[in-house]
Each structure stands twice: as C-alpha cells, then as structure tokens.
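So the chains spell out like this:
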Amino acid sequence: MSAPAAGMSRGRVTALQNQLRDRPALVLVGVLLFLVLLIGVIRPGTIGATWVGNTILFAAPLGIVAAGQTLVMLTAGIDLSVAAVMTAAAYVAASQSYFGSIRAVLLALAVGLTVGLLNGLGVAVFRVQPLIMTLGTGLVIAGSLLVYSLNVSHQGPPAVPDIVRFVGAGKLLEIVPVSAFLWAAIAIVVIVGLRRTGFGRLIYAVGDNPVACRLAGVRGWLVLLVTYVICGFLSAVAGLVLVGAINAADLSLGDVYLLPSVAAVVIGGTSIYGGNGGYAGSLIGALILTVLSSLFTLLDAPDPLKQILYGAIVVLLAAVYVRTAGDAG
Amino acid sequence: MKVAAGKARAPQGPTFARFVRRNAWTLGTYALFLAVMGFTIAIHPDYGPYEVRSLVVGALPLAFCAVAQTCVVLGGGIDLSIGAMMAVANVLAAHYMLGRDFQTSVLIALLVLVGGTAAGGLNGVIALRTRVPDIVVTLAMSFVWGGVALLILPKPGGGAPDKFMELASGNIFTPWLPNGLILLIVIVAIIWIPVRFGRMGLALYAIGSDRTAAFRRGVRVGPTRVFSYALGGFFAACGGLALLMSTGIGSPLAGTIYTLSGVSAIVLGGVSLAGGKGGVTGPIVAAFVLTMVPADLILSGTDPNLGQVIQGCLIVLVVMAGGLAPLLRRRVARIQDEPVMSAG
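Listed in order, the protein sequences are those of chains P and W. Note that my numbering has the first sequence beginning at 99, numbered continuously upward. Note that my numbering has the second sequence beginning at 20, numbered continuously upward.
Hints may be right or wrong, so weigh each one.
[Said to hold, decoys possible] Facing chain W, according to a computed beta carbon distance under 8 Å, are these residues of chain P, among others:
| # | residue |
| --- | --- |
| 1 | Ile176 |
| 2 | Phe224 |
| 3 | Val245 |
| 4 | Ile406 |
| 5 | Gly409 |
| 6 | Ala410 |
Source of the hints: derived by calculation from the structure; they are not laboratory data. In this text, all values refer to a predicted model and were calculated from it rather than measured experimentally. Ideal Cβ placement from N, Cα and C applies to all residues, glycine included.
Based on the provided sequences and hints, a complete structural model is requested.
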C-alpha cells in the first residue's frame with residue numbers, strides 16, 4: 099500500500115521537476131519571494147509599498163543595463179564595457195548640464211552609441227573576441243573619461259540635470275518611481291522585440307549557429323553590430339538613471355555594476371554561449387540581486403563579508419539554475 | 020660543397036618556414052618588445068641599470084599574472100579572479116611578514132604559494148562541479164577573493180623585511196641583471212617546463228583545443244581543468260608576492276587592475292582565448308611591453324593620464340590587426356576558389 103503511494107509521490111516530484119525544467123522562471127520567482135519573505139521575517143514591517151518602490155528604483159539601472167547585456171549574450175558575446183559606459187554617460191551628462199539638460203542627455207546617449215558602435219565594429223567586422231574588444235574599449239573609455247574630467251572641471255562642478263534627476267529619482271504619488279515606467283517600456287520593447295520581430299529571431303539565430311545563419315543568407319555582422327550598439331545605448335540610459343537616483347557623478351559610479359549586469363543575465367537563464375534565454379529572466383535576476391544587497395544592508399554586515407556572500411550566492415544561484423534547467427550553459 | 024650545403028639546408032627550409040609561420044605572433048611580440056626597447060633607449064639616452072631594475076620590478080607582478088592566466092586559458096577556461104587572488108596573496112604576505120626575519124618570510128611566502136594553489140584549485144572545482152560557465156564563476160569568485168583580501172587587511176599596510184624585497188630589486192651578478200628577472204625565469208622554468216613537456220601539459224593543451232575529442236581519447240578532462248586553475252592560482256600567488264616586493268606594502272585593492280591587464284598581456288602574447296594555443300614566453304614579453312609603453316609615453320611628454328587609453332588602444336589595435344590577417348587571407352582564398360567553383 100505504501101509502495102504505490104511512494105511511486106505516486108515520486109511521479110509527482112518528477113512532474114514538478116519537469117515543470118521547473120520547462121519554466122525555470124518559476125524557480126527565480128520563488129527565490130525572489132523567498133528573499134523578500136526573509137527580509138520580512140528579519141525586520142517585520144519593512145515590506146510595504148514604499149519598500150517595493152525603493153527596491154524597483156534601485157533595481158532599475160541594473161535592469162536596464164542587464165537588458166543590453168542579455169541581447170549581447172544571446173549572440174554568444176559579452177560586453178565588459180557596460181560599467182565604463184554607464185560611468186561615462188553619467189559623468190558627461192552631469193558635467194554638461196551647465197549647457198542645458200537636452201544637450202547633456204543627448205551627449206551622454208551619444209557616448210553610449212559611439213562605444214556600442216566601436217564594440218560592434220570590432221566584434222562584427224574585425225572578428226575580435228567580444229571579451230577582448232569590450233575590455234579594450236572599457237579601458238579606453240575609462241581613461242578618456244579621466245582626461246575629460248581633468249579638462250572640463252573648470253566649467254563648474256558637475257550637477258545632475260533636472261530631467262535626469264526626475265527620471266532617476268522621481269516618484270509619482272510618493273510611491274511609484276518614474277524609472278519604473280522607463281524600465282517597463284524598455285522591458286516590453288526588448289521582450290516583444292526578441293519574440294515577435296525578425297531582428298529578435300536573428301539575434302537568437304546568430305548566437306545559436308552563426309554558420310547556419312551565414313548559409314541562410316543572414317548578414318550576421320549587421321545583426322552583431324546593431325546588437326552592440328543597442329547594448330551601448332542601453333548602458334548609457336542605465337548610467338543616466340543611476341546618476342539621477344544618486345544625484346552625484348564620480349569616476350567610478352558604474353564600476354560596481356559590471357558583475358551584477360553579467361550575473362543578472364546568467365541567473366536569469368540566458369546562456370553565455372548564446373542562442374538561449376530571454377530578458378524576462380534577467381529582469382527577475384536584477385530584482386533578486388537588488389533585494390539581496392538590501393538584505394545585506396539590513397543585516398548590517400561588514401563590507402568585505404557582504405562582498406564574499408554576494409559572490410558566493412551568485413555562483414550558487416547560477417548553479418541552481420543550471421541544475422534545474424538541465425542546461426550546461 | 021655548395022651543393023652539399025644546399026642539400027643539408029633543403030629539409031631545414033620548410034621546417035624553418037613552418038616554425039616562423041606557427042610562431043608568427045610570438046615572434047611579432049618579440050619584435051614589438053625590441054621596437055619599444057629601442058624607442059625607450061632613443062628617448063632616454065642614459066638608460067642604465069637603474070632603469071632596467073625599475074622596469075623588471077614594475078613588470079614582475081604583471082608577468083606572473085599573465086603566466087597565471089595563460090595556464091588557465093590554455094586549458095580552455097578563463098579566470099577573472101586572478102587579480103583578486105593576487106591581492107589575497109599580497110595582503111596575506113604583507114600582514115604576516117611585517118617585522119619577521121628573512122627565513123620566516125620565505126616560509127610564509129611558501130605557505131602563501133600553497134594557499135594560492137588551493138584557491139585556484141577551488142575556482143576550478145567550483146566551475147567543474149556547478150557546470151556554470153568559467154567566466155561567470157570566476158567573475159563571482161573575484162568578489163569573494165576581493166572580500167577575503169579586505170577581511171585580512173582593510174586598508175593598505177603591512178610590510179616585508181628588506182632582504183625579502185631584495186629578491187626582486189637586488190642583484191647578485193651584475194646591476195644589469197636584477198634578481199627579479201632571474202626569479203621570474205627560474206620559477207616559471209621550474210614549474211612550466213615539466214608541465215609543458217609532460218603528460219599534464221599534453222592533456223592541458225588537448226582539453227583546451229577540443230574538450231570532446233580529448234575526452235574521447237581518454238584524457239581526464241575534470242582533473243586537468245582543476246589542475247590548470249590550480250596552476251593559475253599558484254602563479255597568481257607569485258604575482259601577489261611580486262607585488263609586495265615591488266611596492267613593499269600590502270594593499271587589498273592593488274591586485275584588481277591586474278586581472279584585465281593580464282588578459283591583455285596574454286592576448287598580446289599570442290595565447291588564443293579559445294584555448295589550446297600559445298605558450299608562456301609570449302605573455303611574459305607582452306607584460307614587459309605593456310609596462311614599458313605607458314612609461315615611455317610619459318617620458319616623451321604625453322599626458323600621463325592617457326596611460327589607460329593607450330593600453331586599451333594597444334590591445335584593440337593589436338587584436339584587430341590579428342583578426343584582419345585571416346580575414347584577408349580568406350578573401351584571397353575565396354577569390355582564387357571562385358573560378359574553380361563556377362567551372363565545376
């Protein structure tokens with residue numbers, strides 16, 4: 099009598115496993131809810147509308163930069179220049195605000211587009227490995243920014259343009275952050291674009307099998323080029339949102355976003371080898387990482403310990419994902 | 020007699036050509052080194068032992084770091100936590116060596132090397148067991164090791180006995196040959212040559228060039244991967260100690276820039292990031308080039324703040340040039356092929 103029962107429960111476990119394998123996003127939502135619950139247990143009364151609003155506010159820059167990183171990783175690449183682009187866009191916007199907000203924002207976005215174009219040219223046309231190409235441009239951008247900051251400082255202290263501050267830190271009805279709308283808009287465009295448009299399919303195709311793509315007549319280099327330009331642009335947007343939220347620009351503003359931007363995508367189930375995944379997972383990944391750091395802040399852990407735990411948990415989550423999805427990456 | 024010489028040389032001809040073709044990139048790196056050296060001497064006429072010493076001491080950490088990354092990349096992986104591991108080794112040594120005598124310091128250094136090997140091995144085991152891509156694991160581990168370094172030494176401090184620092188900056192034979200260079204060559208030779216020409220090295224190159232094929236030929240892929248990471252950890256620890264020898268102080272953040280410069284050095288040194296191709300001498304020479312170029316430009320009056328820009332441009336341009344060569348060759352081949360194809 100107990101044997102069939104055991105068999106049935108084992109069947110149920112297998113069914114659950116299959117379910118999880120088909121929808122790995124469920125695991126991610128589970129992890130997210132677990133972390134939120136943990137915060138609620140540790141500090142009762144923390145979780146509320148304001149807390150959710152603040153979390154989304156802090157997650158928005160990461161979520162937006164992760165969108166670009168997702169697209170690049172879907173083509174089997176990686177963009178290590180995102181952090182430098184975020185910093186550069188933020189700093190340029192802040193230092194140019196003296197000449198008007200529009201000019202400042204446009205220049206900041208132009209920085210992102212230019213770096214994206216450079217990365218794209220290197221990767222798509224000159225066939226440089228993405229890791230090296232983006233590493234090099236990252237160094238160039240960081241160095242150029244240093245020189246720029248030394249030559250521009252006499253025009254007055256950097257001040258964040260009002261419109262950037264509104265988008266980055268503003269809140270409607272004191273609860274809903276303005277950046278949430280921007281993030282949502284980007285998320286919808288990216289998710290729908292990946293699923294429904296020809297270009298979206300080409301991104302998957304180029305990442306999955308570049309040879310087959312070439313034989314099918316796809317101009318793979320163009321797809322790669324456009325993808326890197328989009329990534330640069332989104333990184334610049336993320337930098338603007340970040341500087342708006344923090345309301346101060348410095349030369350290492352975006353540095354801390356390098357690992358999280360990769361981690362959010364990987365935790366979200368996008369294969370670093372390309373052709374597999376999507377933005378929905380990265381979005382939840384970005385939320386998980388943000389909740390995780392707010393959990394550390396609540397626990398008041400010393401910084402080094404925070405860093406160690408953060409790294410360890412990123413590996414753990416990625417490992418859990420690989421196990422449940424049954425995909426070696 | 021002429022004929023005999025010609026005959027004797029005949030089989031050598033293609034071999035030599037093949038040697039050049041196979042090692043074109045590495046030879047290019049040597050040429051680049053000589054060119055940069057020539058430029059340095061040209062703009063700096065009284066180039067002497069002091070300059071040689073500061074070059075060697077300055078390049079030593081990067082050279083070890085490049086060797087560390089080479090070991091991992093040859094096996095088809097990549098370790099983005101090497102800079103952080105260097106920092107751990109650096110602060111561990113600086114913390115415990117302060118105020119000790121030379122013998123104790125050497126003992127501590129040996130323990131640090133063992134620890135570095137273990138740390139690198141741990142990276143490898145995690146990458147192997149979790150099946151998470153190497154880049155992700157090691158990027159996350161760079162946070163972990165960075166945190167460990169900060170735990171050991173929250174702010175720059177510590178130190179080492181002068182005699183220990185002499186291991187890099189002193190000289191036994193002539194002022195033109197600093198100990199650091201001897202140290203580098205001896206350590207790399209002792210560790211690398213047995214590996215390179217032994218079973219383990221063969222397995223390392225095999226899993227780097229084609230993991231599946233290597234597995235089917237009976238290479239133990241898992242242990243070899245862990246071995247490559249452990250070797251990387253060992254050389255990263257060497258780099259951390261070299262950093263202590265060159266700065267005389269432990270700094271928990273000093274190592275971080277070395278991860279990226281190390282990757283630059285191996286790319287410049289002709290190691291394929293796809294794995295299985297390259298050696299250690301190219302990256303070491305490249306590390307010296309990367310150390311010399313910014314110094315030269317500052318000497319010749321360029322804005323020192325442009326150092327990072329120059330390094331980035333150098334990497335990108337060199338790799339682009341390297342990518343362009345096969346592209347052109349392919350295009351030429353395609354043009355030559357086309358008439359044949361249309362005829363068939």
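Now for the hints, and whether the structure bears them out:
| no. | hint | result |
| --- | --- | --- |
| 1 | Ile176 | holds, 7 Å |
| 2 | Phe224 | holds, 5 Å |
| 3 | Val245 | holds, 5 Å |
| 4 | Ile406 | holds, 4 Å |
| 5 | Gly409 | holds, 3 Å |
| 6 | Ala410 | holds, 6 Å |
Taken one by one, the earlier hints all hold for this structure without exception.
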